[in-house]
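There are 2 protein chains.
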Amino acid sequence: MMKDIAGMIIPTYDDMLEAHARIAPHIHRTPVLTSSFFNDLTGAQLFFKCENFQKAGAFKVRGATNAVFGLSEEEAAKGVCTHSSGNHALSLSYAAGRRGIPCHVVMPRTAPTAKKEAVRGYGGTITECEPSTSSREAVFAEVQARTGGDFVHPYNDPRVIAGQGTCSAELMEQTDGLDMVIAPIGGGGMISGTCLTLSTLAPEVRIIAAEPEQADDACRSFRAGHIIADDAPETIADGLKVPLKELTWHFVSNHVTDILTASEEEIIAAMKLTWQRMKIVIEASCAVPLATILKNRDRFAGKRVGVIITGGNVDLDTLPWIR
Amino acid sequence: MMKDIAGMIIPTYDDMLEAHARIAPHIHRTPVLTSSFFNDLTGAQLFFKCENFQKAGAFKVRGATNAVFGLSEEEAAKGVCTHSSGNHALSLSYAAGRRGIPCHVVMPRTAPTAKKEAVRGYGGTITECEPSTSSREAVFAEVQARTGGDFVHPYNDPRVIAGQGTCSAELMEQTDGLDMVIAPIGGGGMISGTCLTLSTLAPEVRIIAAEPEQADDACRSFRAGHIIADDAPETIADGLKVPLKELTWHFVSNHVTDILTASEEEIIAAMKLTWQRMKIVIEASCAVPLATILKNRDRFAGKRVGVIITGGNVDLDTLPWIR
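Order-wise, the sequence lines are chains A and B.
All the letters of the first sequence, read from the start, carry residue numbers 95 to 417 under the numbering used here.
All the letters of the second sequence, read from the start, carry residue numbers 95 to 417 under the numbering used here.
Do not rely on the hints blindly, as some may be mistaken.
Identical copies go unnamed one by one, so any copy, or any two together, can satisfy a pair.
What the hints assert, rightly or not - The list that follows gives simulated cross-link-like pairs (lysine to aspartate or glutamate, DMTMM-like), each with its CA atoms no further than 25 Å apart: (1) Lys366 with Asp411; (2) Lys389 with Glu211; (3) Lys366 with Asp392; (4) Lys366 with Asp409; (5) Lys397 with Glu264.
Derived by calculation from the structure, the hints in this document are not laboratory data.
Can you make the complete structure from the sequences, with help from the hints?
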């Protein structure tokens, strides 16, 4: 079903539907929460799609599971591999574990111990690299050549984007119509999946991406009309440091209405307020959409807004508001 | 409907049903969450009734709302009053605010600023006392005499117990049969409501109370056959420091199967693990049941166990695992 456009394999709405059927036995249909406190505060009606309650603690498991369970028996026998220091590493390990196939992950030596333990807990095998692009690429090339595993990119992969698109399909089923959906943007996997699904299912819904000011490469790309990649942005929203790639740029440039940004301080305040008032543990990355809603109240007031809470894998020993 | 036994007004099952109809417009029917991680860890099937998502952040709003909305117009005009440094103060203020009547709360001068601000946010009026029983009683007597407000005790009140009983009524509807229900015990309001409801609705369900080792007065009372009250117990589970009173003792002594205890270290570990794996913010008090399940695995393995997560009002600036 995937369309080949300009040398890229673009996933279609049917790919998303297929992905949903494929991954349903392995993922949660996460709940949508509302908060009268945040509705009063923003003047909008917010519908929080809680992927922090997802298997492996993040939406990334949707795309990873779609890739893993879409492999033929022959392909699957060699396993999968990827590079990631975050939720994609956990998610791919989880999915591979469910299928009973090997999963090799290249992670920087400096990645948090908790993340490494979680990957191992799901049965993934870690090969460490230095925390630099050149080291990661060299080590990953070696691992891929040695294992022959299928490379599942964290976001620039049509199977992954089709998988992430299942999230907004559920969100639309769980709500009674929306005016907007807002999600954080890093590499653009979730936003691309959202575009893929909504452009067919509910093209009237505006899609807003939210990004840290300190890692605003997607916002600048959007304004410039071509991909701008930053070298090493620093932000508390550590899931959002990676740049757009050609596949996600395709969706962002065609379907996103706007990209809004928030400062580090605003992100941390929104994160803490969400823990306090909604009693849910969310990552800093997930607080970026709420932070941008709070500072652009006029854009959202009176609207029905789906907010994708992307994950809840937080190091509880070092919270950004406790110094 | 309430029965007068030995000079006490004992709430009945019908009172609980009436309470449920009365409070339904003002409270959340909170969700029941499950966790494959905790099921694997304990060998039991756990059903977490999430009162941390409740209005005002705790189950206490059930009893408080039942008391407030059960008042006649004439009684209501004078408002309500209570003494509490915790969730009952918030809950009564919330309920009184919904009905538009005054709420006076006596709180120790030393109570957390965040709690005081929350009470005021809901429209409650605070009168401060010194952090001692004698000061609290003197100040409260003055406030009650001055305002003429109806005294809603945090737990030793039949209207409050009938209200708390609505929680396990929902839990039974939301699950497909349970072998046990476990909840924390302090003054015994939640456990008494659970006894009230289950002794009629599902008398086969065993009711287990969970208590901090360092505030184990209910456990010692249960073994001794009469109320033992500690003077000033110290525990991280600050909602559980108060002693049983005659009404809650009636239910505990007649219907509770057992009272289990956990150490401070075990409580903190269970609390942190719940945040980590379930991505929900729970108070230390709510972690006591899980802590006792983890240390008494044999008692719970193979059983379907309802676990009441009583509240989520936590000071995020001082977490017990961050020193």
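Verification of the hints:
Taking CA atoms no more than 25 Å apart as the test, Lys366 paired with Asp411 passes in both settings, with 15 Å inside one copy and 10 Å between copies. Only between protomers do Lys389 and Glu211 lie at most 25 Å apart by alpha-carbon distance; the minimum there is 24 Å, versus 37 Å within a single protomer. Taking identical chains as interchangeable, the C-alpha atoms of Lys366 and Asp392 lie at most 25 Å apart only when both belong to the same chain, with a minimum of 23 Å there against 38 Å between chains. In this homomeric assembly, Lys366 and Asp409 come within 25 Å of each other (Cα to Cα) both inside a single copy, at 14 Å, and across copies, at 11 Å.
In this assembly of identical chains, the alpha carbons of Lys397 and Glu264 lie at most 25 Å apart only when taken from the same copy (19 Å versus 32 Å across copies).
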